[in-house]
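Trainee: Here is what each chain is made of, one letter per residue.
Protein chains: 2
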Amino acid sequence: MALQDQSIFENASCPILLPHDSRIVMGHGSGGRMTRDLIRQVFLPLFSNPALDAANDFASIPSQDGELIISTDNHIVSPLFFPGGDIGRLAICGTVNDIAVSGAKPLYLTAGFIIEEGFLIEELARIVSSMKSALEESGVLMVAGDTKVVEKGKADGVFINTTGVGWRSNNFIIGGANARPGDAVLISGTLADHGIAVLSARGELALESSIQSDVAPLNGLIDTLLHTLPEIHVFRDPTRGGLATTLNEIAHQSHVEIVLDEKTIPLSLPVKTCCEMLGFDPLYVANEGKLVIILPEKDANAALDILKRHKYGSQAASIGSITYGKKTRVLLKTLIGGTRILDLLSGEMLPRIC
Amino acid sequence: MALQDQSIFENASCPILLPHDSRIVMGHGSGGRMTRDLIRQVFLPLFSNPALDAANDFASIPSQDGELIISTDNHIVSPLFFPGGDIGRLAICGTVNDIAVSGAKPLYLTAGFIIEEGFLIEELARIVSSMKSALEESGVLMVAGDTKVVEKGKADGVFINTTGVGWRSNNFIIGGANARPGDAVLISGTLADHGIAVLSARGELALESSIQSDVAPLNGLIDTLLHTLPEIHVFRDPTRGGLATTLNEIAHQSHVEIVLDEKTIPLSLPVKTCCEMLGFDPLYVANEGKLVIILPEKDANAALDILKRHKYGSQAASIGSITYGKKTRVLLKTLIGGTRILDLLSGEMLPRIC
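Protein sequences, first through last, are from chains Z and P. Sequential numbering from 1 applies to the first sequence in our numbering. Sequential numbering from 1 applies to the second sequence in our numbering.
Hints are not guaranteed to be accurate.
All copies of an identical chain are treated as equivalent in the list; a pair is satisfied when it fits inside any one copy or across any two copies.
Pairs of lysine to aspartate or glutamate residues, derived as EDC-like cross-links and limited to a Cα-Cα distance of at most 20 Å, are as follows [as the list claims (entries may be wrong)]:
id, residue 1, residue 2
1, K154, E204
2, K152, D21
3, K132, D53
4, K105, D223
5, K333, D281
6, K154, E116
7, K152, E117
8, K327, E257
9, K333, E276
10, K152, E116
What the hints contain is simulated information worked out from the structure, not anything from laboratory work.
Put together the whole structure using the sequences plus the hints.
Mentor: Shown next, in the form of structure tokens:
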């Protein structure tokens with residue numbers, strides 16, 4: 001999703017006045033500060049309603065015995081095929097995960113394809129086949145679709161929108177606004193694998209890289225965690241904008257301070273090396289198969305046990321906590337003993353990553 | 001929607017073998033024969049399930065007291081602004097109508113924007129404002145969204161996916177498979193206004209044109225019809241591919257023959273003139289605010305009375321009937337007294353129309 005971040009501002013009903021000929025720039029798609037501002041300026045003043053204003057990656061529609069959960073995401077990744085996945089697997093997993101992090105069971109997906117004239121039908125078939133595998137793994141049904149074609153040069157291969165519908169029973173109250181002081185912050189594994197894998201597939205890295213995207217459906221893992229530890233407060237998948245952006249969203253939704261301990265944050269050596277050489281901060285790089293879990297400290301070890309036994313959680317770690325700080329912000333205790341604020345990025349670090 | 005037309009073929013489980021380097025052409029987005037074949041070749045063998053196979057413009061998910069209805073549509077119209085509407089109004093009405101023609105009440109929409117770098121934010125705001133008006137008119141809530149940006153030249157202004165969720169009570173059984181011999185075929189007004197209005201906005205017509213798109217939300221009209229005449233068998237909005245394509249879909253879903261009487265089909269004089277000059281068949285041109293109604297002949301006059309009193313039905317007409325013919329096809333009794341088969345188009349007549 002991402003008419004995201006919109007409830008971060010208290011005065012969202014007062015849109016910023018824009019210069020007459022303001023134009024969209026790549027940073028408006030970053031998921032960071034510019035995306036938030038665009039939503040605040042253009043979308044929120046007109047579309048504001050409780051479901052959108054909750055600013056989760058899903059909308060919740062209350063019903064008799066639970067809630068209908070809805071989420072939508074456009075996928076524009078470039079290149080379409082990358083180590084560890086492709087736009088098809090990404091399109092399924094992205095929306096399955098956005099539904100699952102609500103604590104809901106993802107049930108149905110729709111897929112909308114915008115295809116550039118001249119695109120190889122064999123490649124389309126590879127993408128569709130990859131979607132099928134991810135659907136089977138996640139147990140979700142594709143129920144409706146749409147196919148549109150635009151002239152050569154008017155799109156970039158293929159763009160895929162997926163929209164998902166799930167059901168959350170009344171037993172679970174999960175959401176970005178539920179983090180509480182004293183909670184632990186867990187991550188299900190190493191950071192930045194997806195972003196760096198996509199970047200390496202562009203051939204823009206000077207070095208050979210064996211880095212694979214982590215793109216995966218997390219609904220199975222979430223289901224196991226939730227049924228063992230029903231007191232979990234927040235699930236979130238740190239995609240566009242990375243862990244730092246995700247935790248900023250949660251800090252603002254829950255009005256809490258989050259403190260991370262840099263030395264506990266899992267990073268693979270190749271990703272760490274790439275990030276150092278290229279000047280990327282892995283805390284802001286997209287993941288597509290990682291889960292942030294915020295839960296009472298007393299349950300942290302039990303959650304880590306479950307995570308480490310699961311194929312998508314083997315490198316899970318406890319990386320921080322929710323504190324009694326007065327400010328809604330994210331702090332990082334650095335390796336060298338200092339503390340720095342992890343803010344939203346103002347522009348775009350890695351475009352076309354998801 | 002349009003993983004459409006997929007149940008037209010009995011042997012869909014046996015995909016056509018494609019030449020090695022087949023490529024997507026504009027006709028694959030036409031909504032006609034090539035779209036159907038692409039779906040048969042690439043999508044259906046992998047995604048086939050009862051909800052998709054029903055081949056309506058919506059998916060139906062049975063539940064306790066009714067059905068959840070889901071539909072998705074990408075909007076890629078060019079130009080973005082045209083007489084009578086813009087991509088924003090189109091994106092809302094298109095999906096509202098796809099839900100409403102199932103007999104369901106459309107409730108929630110999601111919107112996914114893919115925006116080209118350099119796009120004027122003022123124009124985006126105009127589009128969003130137009131979406132808001134259409135949402136208000138239709139009484140549907142926007143609950144989730146996504147905004148992505150691609151580099152200049154990698155998209156064409158803005159593309160919008162809308163996905164809708166509605167609820168159909170068990171009282172109504174509406175669908176393309178329900179047409180029965182003896183039924184009347186009604187249309188809610190003049191044909192081809194949308195397609196010709198968009199075409200004229202491209203500046204490709206040699207003549208000055210006052211033709212306005214008919215783009216409108218039809219859920220109010222449908223609701224009135226359905227609650228007065230609960231025996232209605234089929235609603236369908238004849239969008240991409242026009243009336244002829246829509247009726248072909250229905251003929252194949254219901255295994256019936258449909259016979260139209262050309263002299264009863266409403267056309268405005270400017271549209272008729274444009275189509276004659278440019279060589280377009282208005283029966284294949286897209287509409288975005290028109291409704292096909294198929295219902296027992298005994299109820300036809302009552303339906304026409306309701307239609308003619310409604311702002312979106314003032315030029316409604318009875319244009320044909322479902323007959324006891326042995327073939328599943330659509331026939332047109334022409335003005336000069338002959339009969340011709342209205343088949344699916346094999347390619348694309350007017351690309352980028354919706």
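Trainee: Between the shortest in-copy and the shortest cross-copy C-alpha distance, which are at most 20 Å for K333 and D281: within, between, both, or neither?
Mentor: within (15 Å within a copy, 69 Å between copies)
Trainee: One pair to classify: K152 and E117, alpha carbons no more than 20 Å apart. Within, between, both, or neither?
Mentor: For K152 and E117, the Cα distance is within 20 Å both inside one copy (5 Å) and across copies (18 Å).
Trainee: Is the C-alpha distance from K327 to E257 at most 20 Å within one copy, between copies, in both cases, or in neither?
Mentor: For K327 and E257, only the intra-copy Cα distance (6 Å) is at most 20 Å; the inter-copy one is 70 Å.
Trainee: Is it within a copy, between copies, both, or neither that the alpha carbon of K152 lies no farther than 20 Å from that of E116?
Mentor: Both, since 5 Å and 15 Å are each at most 20 Å.
Trainee: Up to 20 Å between alpha-carbons, please classify K154 paired with E204: within, between, both or neither.
Mentor: Intra 24 Å, inter 19 Å, cutoff 20 Å: inter-copy only.
Trainee: Given identical chains, is K152 near D21, meaning Cα to Cα at most 20 Å, within a copy, between copies, both, or neither?
Mentor: So K152 and D21 pass the 20 Å test across copies only (16 Å; inside, 28 Å).
Trainee: At most 20 Å between CA atoms: does that hold for K105 and D223 within a copy, between copies, both, or neither?
Mentor: within (8 Å within a copy, 32 Å between copies)
Trainee: Cα distance capped at 20 Å. Does K132 pair with D53 within a copy, between copies, both, or neither?
Mentor: So K132 and D53 pass the 20 Å test across copies only (16 Å; inside, 33 Å).
Trainee: Please sort K154 with E116 into within, between, both or neither, judging by C-alpha distance up to 20 Å.
Mentor: both (7 Å within a copy, 10 Å between copies)
Trainee: Taking 20 Å as the upper bound on the Cα-Cα distance, should K333 and E276 be classified as within, between, both, or neither?
Mentor: So K333 and E276 pass the 20 Å test inside one copy only (18 Å; across, 73 Å).
In the structure shown, no violation is registered for any of the earlier numbered hints.
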